[in-house]
Amino acid sequence: MTHSKITRRRIWTIAATIIILVGVFIILIPLFWMLTTSLKTYAEAESMAWLPRKPQWNNYFTALRAINFWRALGNTLLITFLAMTGHVFSCALVAYGFARLRFPFRDPLFVILLATMMIPAQVTMIPIFIEFRALGWVDTFYPLTVPAFLGGSAFFIFLLRQFFMTIPTELDDAARIDGCSHFGIFFKIILPLSKPALLTVALFSFMGNWNDFMGPLIYLNSPEKKTLALALQDFNSLYAVQPHLMMAASLVIMLPCLAIFFFAQRYFIKGMVITGVKG
Amino acid sequence: MNLGARKREALSGYFAISPWLIGFLAFIIGPILASLFLSFMKWDIITPPAFVGGGNYKRLIEDPLLYQCLKVTFIYTVFAIPLNLGFGLLVAILMNQGVKGINIFRTIFYMPAILSGVAVAILWQKIFNPHFGVLNPILKLLHIMPVLELVSSPVTWLYSEFWALPSFIIMNLWAVGGAMIIYLAALQGIPTHLFESADIDGASVWSKFRHITLPMLSPVILFNLIMGVIGSFQVFTSSYIMTGGGPNNATLFYVLNLYRQAFQYHRMGYGCALAWVLFIIIIVFTLLILKSSSAWVYYAGARRGK
Chain A
1 MTHSKITRRR IWTIAATIII LVGVFIILIP LFWMLTTSLK TYAEAESMAW LPRKPQWNNY
61 FTALRAINFW RALGNTLLIT FLAMTGHVFS CALVAYGFAR LRFPFRDPLF VILLATMMIP
121 AQVTMIPIFI EFRALGWVDT FYPLTVPAFL GGSAFFIFLL RQFFMTIPTE LDDAARIDGC
181 SHFGIFFKII LPLSKPALLT VALFSFMGNW NDFMGPLIYL NSPEKKTLAL ALQDFNSLYA
241 VQPHLMMAAS LVIMLPCLAI FFFAQRYFIK GMVITGVKG
Chain B
1 MNLGARKREA LSGYFAISPW LIGFLAFIIG PILASLFLSF MKWDIITPPA FVGGGNYKRL
61 IEDPLLYQCL KVTFIYTVFA IPLNLGFGLL VAILMNQGVK GINIFRTIFY MPAILSGVAV
121 AILWQKIFNP HFGVLNPILK LLHIMPVLEL VSSPVTWLYS EFWALPSFII MNLWAVGGAM
181 IIYLAALQGI PTHLFESADI DGASVWSKFR HITLPMLSPV ILFNLIMGVI GSFQVFTSSY
241 IMTGGGPNNA TLFYVLNLYR QAFQYHRMGY GCALAWVLFI IIIVFTLLIL KSSSAWVYYA
301 GARRGK
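One line per chain: the protein sequences are A and B, in this order.
By the numbering used here, the letter at position 84 of the first sequence is numbered 84, and the numbering carries on one by one without gaps.
By the numbering used here, the letter at position 139 of the second sequence is numbered 139, and the numbering carries on one by one without gaps.
Since the hints were made in silico from the structure, they are not lab data.
Hints should not be assumed to be uniformly reliable.
To spell it out: a stretch of chain A is covered by chain B in this simulated footprint if at least three of its residues, at any positions, have a beta carbon under 8 Å from a beta carbon of chain B; those stretches are [as the list claims (entries may be wrong)]:
{"id": "1", "segment": "88-98"}
{"id": "2", "segment": "103-114"}
{"id": "3", "segment": "169-176"}
{"id": "4", "segment": "192-200"}
{"id": "5", "segment": "257-264"}
If you want the ones that stay clear, here's a sample from chain A, every Cβ over 12 Å from chain B, calculated [unchecked claim]:
{"id": "6", "residue": "His3"}
{"id": "7", "residue": "Ile27"}
{"id": "8", "residue": "Gln56"}
{"id": "9", "residue": "Phe183"}
{"id": "10", "residue": "Ser222"}
Computed beta-carbon distance windows for the label pairs [to be verified]:
{"id": "11", "chain 1": "B", "residue 1": "Phe162", "chain 2": "A", "residue 2": "Tyr42", "range": "26 to 36 Å"}
{"id": "12", "chain 1": "A", "residue 1": "Val241", "chain 2": "B", "residue 2": "Ser204", "range": "18 to 28 Å"}
{"id": "13", "chain 1": "B", "residue 1": "Pro191", "chain 2": "A", "residue 2": "Pro196", "range": "18 to 28 Å"}
{"id": "14", "chain 1": "A", "residue 1": "Pro196", "chain 2": "B", "residue 2": "Gly101", "range": "23 to 33 Å"}
{"id": "15", "chain 1": "A", "residue 1": "Arg53", "chain 2": "B", "residue 2": "Asp44", "range": "48 to 58 Å"}
All residues carry an ideal CB built from backbone N, CA and C; glycine is no exception.
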């Protein structure tokens, strides 16, 4: 009886593996096609040849020149890193307040913070645009970076607060006896012990801003201020029928996200799990 | 002395959360109230705003574009979210069957979920292209094409009024790994003794799934469901880039309509009315799902953190 059970178990595992392999294959087709198309000649891309006869690395130079790559990259990096810095520091400070300090109305305020996670950005998009326009910030990077320094994302605050709660409070007590202030504890104990969670927030923030399209679309007009996402969209509306060039440019812009994902996968998974499973 | 320490702690607390408090006032509660106020105004952002009372809402009710974008968004939600949740669960369960190399498979499945934005939209726009895209040749190779042609011909995806919206649903399935990763973590958190005692009782695979796995996963399903619904009401970049809402408004998602009214036609007041309707729809849906959840979500009494 146990013997047949083990056989059945093995058949089950093999069946599962086969289905997963099919799934893996399907998932990879778009990326594989993207890579091969980016190396085709125009004629090969048009005639749907499966593989390029000779890889056209030149496509990459042509495509990147066409989207004014270096300037757009500079703009994107500036926005992305400013916003990332803002997110990490402001969200960590706010999360510390909610996780460790006692003050009147703390819990109702935290419930409000959680509720704001449900409000889509599009609901407040128009008044915020009017606000920034009144400040004269349209066509500057401020609308895309300043909010990150002001708590920025309820999701990040929640994620960090959940992490801070797992740090034993005995450490705070010991530091307090040694004469450490609340913010001394934050800088000397909480932050150093939370590097994985802070990195998770930094990576999520990077990905979000790197890929953001609506923000730059609304706020940035001048060509020299365009981000990669905007430049790519402009290029697509002009060269939509040049799939090989479009795929080359798109792949370059996806590449940092893919690289970060492969090197720091566990931080993404941790972030998803902290908020999804334990929340 | 004790009182002083407490006061100091409270002050530090307010200082710590002050960035969020300022952000909350400036970017959430202020704008929400402002948009309610503006939704009763007519404003093209150049000439001064004029009070029109319920005019924007009256126009909204009469606007065929509102019904079109609601229809598109609802159909998309109704198909994309259950498919995504269902396939995510299926893949997670398959991965949890003692499959070797699970780490590599998990990485590959999860990868599309972290990719987003313009580059992904352009990739799929080209994949669906009937002239040079890769999808149609594959469907022909697998003899699926004739079946699809029976449903609606020609199968030109983003160029077809019938197939354009299904294209977005297919694209959404590519990112099934996002839901999978959360299910997988939850699956691995189910105490094995539950399955062991079920085995001793001679429970079948199905009844173990039905009576252990599903109830234990139900809080996570609820989380994925709410996040999925909120996300599907926010589809913008892909529709802006891949179809621009076409053909014939077949993929005019709600937020694309909102963006156009406000930022292309400069109808700020009307845009705010649209935003408020979106806000109310999302609140109603979230509350309905949460309310229904008491019937199907199981919270183990002694759920521990680790």
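Checked hints:
1. Residues of the segment 88-98 of chain A lying with their CB closer than 8 Å to a CB of chain B number 6, which satisfies the three-residue condition for coverage.
2. Restraint check on the segment 103-114 of chain A versus chain B: 6 residues with Cβ-Cβ distances below 8 Å, three needed, restraint holds.
3. Coverage of a stretch by a chain is defined here by at least three residues with a beta carbon nearer than 8 Å to that chain's beta carbons; for the segment 169-176 of chain A and chain B the count is 0, and the condition is violated.
4. Only residues whose beta carbon comes within less than 8 Å of a beta carbon in chain B count, and the segment 192-200 of chain A has 0; fewer than three means the coverage is violated.
5. Proximity of the segment 257-264 of chain A to chain B, defined as three or more residues with a beta carbon under 8 Å from a beta carbon of that chain, is established by the 4 residues found.
6. In this structure A/His3 is separated from chain B by more than 12 Å, as the shortest Cβ-Cβ distance comes to about 16 Å.
7. Not every CB of chain B is more than 12 Å from the CB of A/Ile27 (nearest about 6 Å), against its label as outside the interface.
8. Against the 12 Å criterion, A/Gln56 stays outside the reach of chain B, whose nearest CB is about 15 Å from its own CB.
9. The beta carbon of A/Phe183 sits about 7 Å from the closest Cβ of chain B, which is not more than 12 Å, so the claim that it is off the interface is violated.
10. Distance to chain B confirms A/Ser222 as a non-interface residue, since its nearest Cβ pair spans about 16 Å, more than 12 Å.
11. Here the CB-CB span from B/Phe162 to A/Tyr42 is close to 31 Å, well matched to the stated 26 to 36 Å.
12. The supplied range of 18 to 28 Å is broken by A/Val241 and B/Ser204, whose beta-carbon atoms lie about 56 Å from each other.
13. Between B/Pro191 and A/Pro196 the Cβ separation comes to about 26 Å, which falls inside the hinted range of 18 to 28 Å.
14. About 25 Å separates the C-beta atoms of A/Pro196 and B/Gly101, a value consistent with the hinted range of 23 to 33 Å.
15. At roughly 55 Å, the beta carbons of A/Arg53 and B/Asp44 sit within the given window of 48 to 58 Å.
This entry does not satisfy hints 3, 4, 7, 9 and 12, going by the numbered hints stated previously.
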